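K.L.:
Residue numbers (the numbering used here), protein chains in the order written: chain Z, 1 to 114; chain E, 1001 to 1878.
Check each hint, because a few of them may be wrong.
Label-pair restraints from in silico Cβ distances [said to hold, decoys possible]:
| hint | chain 1 | residue 1 | chain 2 | residue 2 | range |
| --- | --- | --- | --- | --- | --- |
| 1 | E | Pro1073 | Z | Pro108 | 41 to 51 Å |
| 2 | E | Arg1087 | Z | Ala101 | 55 to 65 Å |
| 3 | Z | Gln42 | E | Leu1450 | 45 to 55 Å |
Just so you know, these hints were derived from the structure itself, not from any lab.
Everything numeric in this text was worked out from a predicted model, so none of it was measured.
C-beta: ideal position from N, C-alpha, C; glycine also.
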Amino acid sequence: MAKESDVWQGTLALMILRTLETMGPLHGYGIARRIEQISQGQLIVLYGTIYPALLRLEQDGYIVSEWGNSENNRRARYYKLTRAGRRQVRREAQRWEKATAILAHFLPPGEEIS
Amino acid sequence: MRPLRASLLRLRGVFRASRDGQFDEEIAAHLEMHVCDLIESGLSPDEARRQAIIRLGGMESTRQACRDAERLPWLENLLRDCRFAFRTLAKNPAFTFVALAALTLGIGASTTVFSVVESVLLRPLPYTDPGRLVWIHDGLTQGDKSGWSACMEDFLLWRARAHSFAQLAAFTGDHFVLTGDGQAEELSGVDVTARFFDTLGVRPLAGRTFAADADQPGRESTALISERLWRSRYAARADIVGSSIVLDGHAVVVIGVMPSTFRFVFPDADVWRILPLTPPTRRGPFILRGIARLKPGVTLAEVNAEMAGLAQGVERADPGRLERLRYPVVGLTDAVVGDVRPLLVALASATALLLLIAVLNVGNLLLARAAVREQEIAIRLSIGAGRRRLIQQLLTESIVLALAGGGIGVFLAFICTRLLRASPPPGIPRLETLSIDGRVLLFTLLVCILSGIAFGLVPAMGATRPNLSMVLQEGGRGGGESLRRRRLRNVFVVAEIALAVILLAGAGLLIRSFLTLGEVPMGFGARPDHLLTMQISPGGDRYGQRQRLAIYWGAVIREVSSLPGVDSAALSIWLPPDHAAMSDSFEIQGKTPPDGGPVVPVPFVSDGYFRTLQIPLLRGRAFDGRDTPASPPVTIISENLARRYFPGEDPVGKQLKQGGPQSTNPYMEIVGVVADVKYEGAGSPDEPVYYESSSQVPGRPMWLVVRTRNDPHRLIPAIRNRVAALDANVPISHIGTMDENMYASVALPRFRSILMGAFALIALLLAAIGVYGVMNYSVLQRTQELAIRLALGATRRNVIGTVVGHGIFLALCGITIGSVGALGFVRTLRSMLFHVSPGDPATFSGVALLLLAVAVAASYIPALRAARRDPLRALRRE
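With the sequences and hints as input, model every part of the structure.
P.N.:
Rendered as structure tokens:
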């Protein structure tokens, strides 16, 4: 059985990758804000958890980082999706779709879940 | 691949300079952007900063999370623990030295013994599919020491009738004199039947092995030679294959060269000559050994059943002749290493015990140290160190210690295995391939880690569960070793003593056996250090005729006897203590069973033999000038033969025949009875022996034995010259004194006594250290109590008595438990004991007394120190 944090880490990684795919190169703060935005405030991420996740993704070779200047001219580290990262987004997205589709059979719409 | 890449990156992160600075900058930028956004939404700068940090989840924990993600935290912990362990060990040199010494000895011994067990017992024999190779023998004969023997009739029967074998061969050890192409050389070799090499599944280095019909009578004589001989005598000439060499005066065609890696039963063999299957005229001589390869799927039980059936068939065809005939078949591996298995099992158990003592010893030391470190650990626990983490750290420390000990131990084992390979103790086969290979190293690594955990876990568990408030309240006063720990240390010491008792008892029994063996009378009166022996091997056609050989031997004795300094000289094919030659059965009309008497040594000896060795003549006469090839054959029997087969009557004048009832040999008249002599080692029982006169039946090669007035070594050149003057082509070999021969004949018992003795000595030393450590520590702990007693009027004697009494109590517990264990252990030694019972009371009580004395001595020193201390000063310091 996976620990809760593992599941969370997996999904957080996918959210980060997906964010970078849609938004292009972005710094940690931007990614965190964007995830919060997209989840419409339902997901309260401690911004700090973003950074270890970014580090791991970089170690896995899905993203690369470099220092750059932010919109208001501050130095910040920018993260960019690699080709392997793009493939990983596809793969993970499919996996999620499949998983939710399977789960959907178990949880038909409109039925009460007790 | 990706997880691997990530792991490597993280591994690199452990050793590379940290990205810490970059994290800090990144997080600072993050906070700044967040603060700006919050200020824009209307918060005050301070409040904005506060909120931003809360949303981040704390500065330090974020940094830590990044650090952990960058590296491998467990590896970092491990490295840190290792560094810490090294520092701690370096800070306590005395502790480290004793612990390392114990571990080095324990692990070094285990590694050496395991490498021996591996190369002798575990590694498969170096032949094709060795599991299907078997050894067959004739169950009738007791056989000589080096293996079982069968005769040609048996072999031909197996070959013709047995269906279980894919291949079958027979062989017998032989000696050859090689002449031509330079100096005469005496070679040891083997006579083998045609399928010998095919049965083993080995290939020659050059040339080919024997054709399937090469052993049919009347074929050209062929042989394979060893790589050693090929290189040393023939300069590795390629054309040696197909050329002729002269062995014992007969031309033999060399058809191949065997690589030096090939060894089978006779490690020094240089020649494998074809053994022609000449149909025998009688049952015997019993000089052959059979090997065979089982057909696939045939089990040992099946082949044994088939062979037993064959034997019964023979019995039915000629009832009464061959009772007991069974033809047992055993696996070749068992036949080769079966004899040493008990020794190796005993050695392995002894080593395991030694290792256990070492582990207990180090555990004991660690327990003592845990008491000293109680404060350190208590403080660390109370400021929030996790217990798991602390145990992990303490365990790392003990494993580092074990690995360090193991490292030195492997070095020690490396030296030991080289020594063993260079001068292997006799009787242990296959040591030439002894080495410390990957399997041995893996074993050692495992032993290190397991012993590290074994001696580290209990102290670590105990140390991390202290009563915090108690320890901290004690302050720096160094008191209060917990009762549980004290009890544990006592248990450890008792166990150490018990194990030492077991090893000492084993060593004591082996040493007693060895000493007893040295005192066994060999049966001859001459001083062994004044007897010179050497083998003389006249070969070739020149001495093919009995008469010429007899003349040669006569000349040798005459020449040597006339040398100044020589008292007496003689010849024999057998020599005590264990220079074996021909054995045969015998028949005395109406006295021996229908299949003949047992197969016993038949020494052919020259006239002066009994006089030279000073073997007492009990009845009749010795061989003398009356006995010639032309005179009626005579024999002299041993006391044992006389007692067994002529009870209450005078054997002199009776008739005895060499070989069984079917033999065509003539009856010989018994002319004398001599005292029993040990021909098959000091440990062998007395057995019937009958002598024949070498004037009537000259043997070759023969042993020359010379009794000298002074140091026999000085006569060697003169004797060599005299013999060479007779015929320079006759090789002389194995020159030595009887003293040296006797020393060599007990090499194996000596080897195991020394080995077990060394183990026992180490065990004793470790046990002494253990007792001393515990007593010393307990005296320190009881400083206050003892001081008060002294102050209240107890005498020093009382104090010493209390402490030593405790030591004696521990020793007695250990001795009692150990004696019970020893009774079990010495059972594995039973086959190695000689005239000593496994439960020998003298040995056991000696061991008990020794350990008691050691325990008293080890506790007396701390006791004396405690008693001498000025009670007032001791109390004040507390």
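K.L.:
Of the numbered hints stated previously, which ones are contradicted by the structure, given in increasing order?
P.N.:
none
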